[in-house]
Amino acid sequence: MRLVFASNNAHKLSEVRAMVPAGVEVLSLHEIGFDQEIDETGRTLAENSRIKADTVAAFISSQPSSIRRQIDGVFADDTGLEIDALGGKPGVYTARWYLMCDNRCAKGDEKISGSPLHDEMMIFKANRAKALRELAGESNRDCHFKTVITLITNDQECQVEGIVRGRIAEAEYGEGGFGYDPIFIPEGYDKTFGELPAEVKNSISHRAKALTELVKLLKA
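Residue numbers for the sequence shown follow our numbering, beginning at 20 and rising by one.
These aren't lab readings, by the way, just hints derived from the structure by calculation.
Positions of the beta carbon are idealized from the N, C-alpha and C atoms, including for glycine.
Some hints here could point you the wrong way.
[What the hints assert, rightly or not] Straight-line Cα separation of at most 27 Å, DSS-like style, residue types lysine-lysine; simulated pairs:
1. K238 to K31
2. K144 to K228
3. K144 to K31
[Claimed, not checked] Simulated DEER-style distance windows between Cβ atoms:
4. N173 to G207: 34 to 42 Å
5. N27 to S85: 34 to 42 Å
6. S85 to D174: 15 to 23 Å
7. S85 to Y112: 36 to 44 Å
8. Q89 to T60: 28 to 36 Å
9. P216 to T60: 31 to 39 Å
10. G107 to A155: 16 to 24 Å
Required output: the full structure, derived from the provided sequences and hints.
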């Protein structure tokens, strides 16, 4: 089975390829010649996941039949960090939270308050810094990561999700992973995703849980 993963995130692609079972080949957007920016206009993770999957599925449908026959489907994920003390923020803004107005703004105000960065590692660093800044002095650091995956094949279209609860650390720890991993301590552990071995993270993460449900569908 050959599935396209609708993401340009190399870190996610690496994680996904390490998690899917033998017999499932995961293609990147680059490998199918898709180079468009997908406008994630959804108000929920589920909506954004579907937007990405629908966009790439439409692109595949527009290709010559010789190419379409080589692809069995497409799946897309959208992941959000939801922090209890911040009312579930950043949520759908997780990837670009550093740009959003901080807790000095009025409740519900999501206006952009900065200039966009173009270096991935700098974006990750800025997002982590914002999380630590927003929770400065806060005793309740509980949160969870949630991943929603949309699968579209010739036979089905469905969504699955995975959630891992945890807490935000007081500072950054570890060099592994990406995104918020150096400040996220999963429930039942005393180390961040940035400190835990990749095989441990890939067995307990939100994305791993969602992919487990996806694999069940593929085997059904």
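Outcome of the hint check:
1. K238 to K31: holds (22 Å)
2. K144 to K228: Cα-Cα ~26 Å, so holds.
3. K144 to K31: Roughly 17 Å between the alpha carbons, so the hint for K144 and K31 holds.
4. N173 to G207: 34 to 42 Å: holds (40 Å)
5. N27 to S85: 34 to 42 Å: violated (25 Å)
6. S85 to D174: 15 to 23 Å: holds (21 Å)
7. S85 to Y112: 36 to 44 Å: Holds - the Cβ-Cβ distance for S85 and Y112, about 40 Å, lies within 36 to 44 Å.
8. Q89 to T60: 28 to 36 Å: Roughly 30 Å apart at Cβ, these two residues keep to the hinted range, so it holds.
9. P216 to T60: 31 to 39 Å: holds (37 Å)
10. G107 to A155: 16 to 24 Å: holds (19 Å)
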